[in-house]
Amino acid sequence: AWAKIAKSVAWLERDAAQVKEGIRDVQEEAAAVYKAVAAAKNLRISLQEDVKRRHPPPTIVSVLTDAGNVAVIYILRVVLWFLVPIFVLTRQGLLMLSRAYSATIRLGG
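Under my numbering, residues 257 to 365 are what the sequence shown spells out, in order.
Incorrect hints may appear among the rest.
[Unchecked claim] In the BS3-like style, the derived pairs of lysine-lysine whose C-alpha atoms are separated by at most 25 Å in a straight line are:
(1) K308 - K297
(2) K276 - K263
(3) K276 - K291
It is worth saying that the hints were derived from the structure and are not from the lab.
Construct the entire structure; sequences and hints are all you get.
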């Protein structure tokens, strides 16, 4: 019985050493990940600063120009989507009416 217990204790000690080594490996990998995350944050911050330097903050003129461009686009959409079909249908309706009128005049005349 003591031999089995001694063997079990030896296995447990070996397993504990392997677990400690695994924990050490995980800690090293976690440290590497934290370093990579810190480097990525620094890179992101430096890139944001570069973008701010290259693209100055918007001025009133640029904002109004952008708003004007958007307004022109929406006005053109309204014209193309609503007014053009109405004009086309009106023209076709008038053509049909004029043909019907000329046909009735021919029949009556």
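Going down the list of hints, with the structure as the test:
1. K308 - K297: Judged against 25 Å, a Cα distance of about 16 Å means the pair holds.
2. K276 - K263: holds, 20 Å
3. K276 - K291: Distance of about 23 Å is within 25 Å: holds.
The structure is consistent with each of the numbered hints, conforming to all of them.
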